[in-house]
Amino acid sequence: LLLGMNFWDHRLGIELGVSFTQAGLNGLALFAVAILASSLAKRAQANEQIAEQRGIDLANETQLNRLILEQSHEGVIVVDEDHRIRYANPAAIRVLRIPLENIGEGTLSRPPLATINPDLNNALHAWRHTPDSDLSETHIAYPIRLHVRLRPLTADPQGPVVLFIEDDAYLMEKHQQEKLAAMGRLTASIAHEIRNPLSAIGQAGQLLEQTADNDEDRQMLDIVRSQVARINQLVENVLTTAKRKQPQPEHIALAPWLHDLLERYRSHAKLDGIKIDLTVDPNLCARIDPGHLEQILIILLDNARQHGKPSVGGQHIRLDAQAFGAQHRPRIEIRDNGQGVPEDMRHRLFEPFFSTHAQGHGLGLFIARELAEANQLGLNYHHDIHGERCFRITFPRQEFCRTATAPETMPAP
Numbered sequence: 068l069l070l071g072m073n074f075w076d077h078r079l080g081i082e083l084g085v086s087f088t089q090a091g092l093n094g095l096a097l098f099a100v101a102i103l104a105s106s107l108a109k110r111a112q113a114n115e116q117i118a119e120q121r122g123i124d125l126a127n128e129t130q131l132n133r134l135i136l137e138q139s140h141e142g143v144i145v146v147d148e149d150h151r152i153r154y155a156n157p158a159a160i161r162v163l164r165i166p167l168e169n170i171g172e173g174t175l176s177r178p179p180l181a182t183i184n185p186d187l188n189n190a191l192h193a194w195r196h197t198p199d200s201d202l203s204e205t206h207i208a209y210p211i212r213l214h215v216r217l218r219p220l221t222a223d224p225q226g227p228v229v230l231f232i233e234d235d236a237y238l239m240e241k242h243q244q245e246k247l248a249a250m251g252r253l254t255a256s257i258a259h260e261i262r263n264p265l266s267a268i269g270q271a272g273q274l275l276e277q278t279a280d281n282d283e284d285r286q287m288l289d290i291v292r293s294q295v296a297r298i299n300q301l302v303e304n305v306l307t308t309a310k311r312k313q314p315q316p317e318h319i320a321l322a323p324w325l326h327d328l329l330e331r332y333r334s335h336a337k338l339d340g341i342k343i344d345l346t347v348d349p350n351l352c353a354r355i356d357p358g359h360l361e362q363i364l365i366i367l368l369d370n371a372r373q374h375g376k377p378s379v380g381g382q383h384i385r386l387d388a389q390a391f392g393a394q395h396r397p398r399i400e401i402r403d404n405g406q407g408v409p410e411d412m413r414h415r416l417f418e419p420f421f422s423t424h425a426q427g428h429g430l431g432l433f434i435a436r437e438l439a440e441a442n443q444l445g446l447n448y449h450h451d452i453h454g455e456r457c458f459r460i461t462f463p464r465q466e467f468c469r470t471a472t473a474p475e476t477m478p479a480p
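Each residue of the sequence shown is one higher than the one before, starting from 68 at the first, in this note's numbering.
No lab work stands behind these hints, which were simulated from the structure alone.
Certain hints may be false.
Stated by the list, open to error - Each computed DSBU-like pair below joins lysine-lysine, with the alpha-carbon atoms no more than 30 Å apart: (1) LYS246 x LYS312; (2) LYS312 x LYS376; (3) LYS241 x LYS337; (4) LYS376 x LYS342.
A quick note: this is a predicted structure, and the numbers were derived from the prediction, not measured.
Model the full assembly from the supplied sequences, consistent with the hints where possible.
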C-alpha cells in the first residue's frame, strides 16, 4: 500500500521526500509485525489449551487421590504447623472417633488435634523436636491401641505433617491370617509325611488281627483301627484344604439335587434314629460347584449329627432351602435341636483345629467356610430364638430355573 501511494504521488508529480526503498522497508516491517503477532497469538492459544488440559489432569489426579484415601483401610490425617487438622479420611474419622460436627464439606473445619486425641498430639510434639528418631513410628494406647507413622509434607519438620494411623487390632488380625496361612502350609507338609507310616500301622494292625486269639487283643486292635481311621481322616482334611481346587460352577436345580444328596447321606451315615427333614422351594436354582456344595453340606450335617444332641428328647435335623429378600437369593439352613455353642466360643467356631468335642479334629467347619468363600457363599452360625442351632448358607445371587413345580416337603422316613 505504501509503495502504491508513493508510485501514484510520483506520477502526479508530488514529492513527499519518501523513496521507494524506504516505503518498501516500512512495508516489510509491517509484514514482519503481522507475522510475529499471528505467531504469538497461536502460541498463546496453544499454551492456553495446554494449561486447560493440565488443569483437567490435575483435577482428575486430585479426585483419584481423594477416592484412594476415602477407600483406604488406613487412616490418613494432614496436620498443619499449628497442629490443626486440615484433612482426615473416613478411616481416620472412624478410628479417632472425630465428632461429625467438626466435619465440613469434604474436609474438616480444622479442629485442634489436641482436642481429638491428646496422646497423638503429644507424640507429634515429641517427633517435631527429634524428627530423625524412632518416634516417626509409634503406638498410641488411648482410647484404643493405634499404630502411627508420621511423615513431613515438606523438608521442614515443623511444617505440615501426614499421619498414617492403623488400628492395632486390624494389624494383629492381618498378621494372624498370615500366621494361619504359614501354619496351613506347614501342616499340609507334615500331613503328607504322616500318610506313609500311618498306612504301615494300619496294615500291621490288619496282620495282627488275623492272629488275635483273645478278646483283650481284639479290643486293643479295635482301638488301633479306630485311631488310625481318625488320624487318616484328619490327614485327608488337611490335604483337602491345602490342595483346594478352583470352583467349577454349574447351574443346578436345588430341589432334586438336595433330595438326591439326602438319600445318599441316609444310606451311609449312622443316624441311629435321628430324624432329618427337608423343605425346599422347587423353583430354587443356583450356579455353584456341586462337589464343593456337597462337601459343605455333608460337613454341616455331620456336625449336626455329632454335636446337635438335645439334653432331652430325640434328635432332629431340619434342612430348609428357600429364597429370601427382595432379590430372592437362595439360602440353605441346617438346623438341629442341640444345646448350641457357648456364646464366648462362637467367634472361634470356624478357626482351624478348634473343636468343642473331645474326639473332634476341628477342621470340618474351617474347610466348609473355605469352600463357601471360594464359591462366593456366606456361611454363618447363629442360635435362633427357638433355641435351635442354625448354620446358614447364603448364595450371592438369584438364578432362574428352566421349569417350575409346586412346593414340596420331604419328611423324615
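Going through the hints against the structure:
Between LYS246 and LYS312 the CA atoms are separated by roughly 22 Å; this keeps the pair inside 30 Å, and the hint holds. With a CA separation close to 34 Å, the supplied pair LYS312 and LYS376 exceeds the 30 Å bound. Between LYS241 and LYS337 the alpha-carbon distance is near 40 Å, which puts this suggested pair outside the 30 Å criterion. The straight-line distance between the Cα atoms of LYS376 and LYS342 is roughly 12 Å, inside the 30 Å bound, and the hint therefore holds.
Hint compliance for this structure: hints 2, 3 are not met, and every other hint is.
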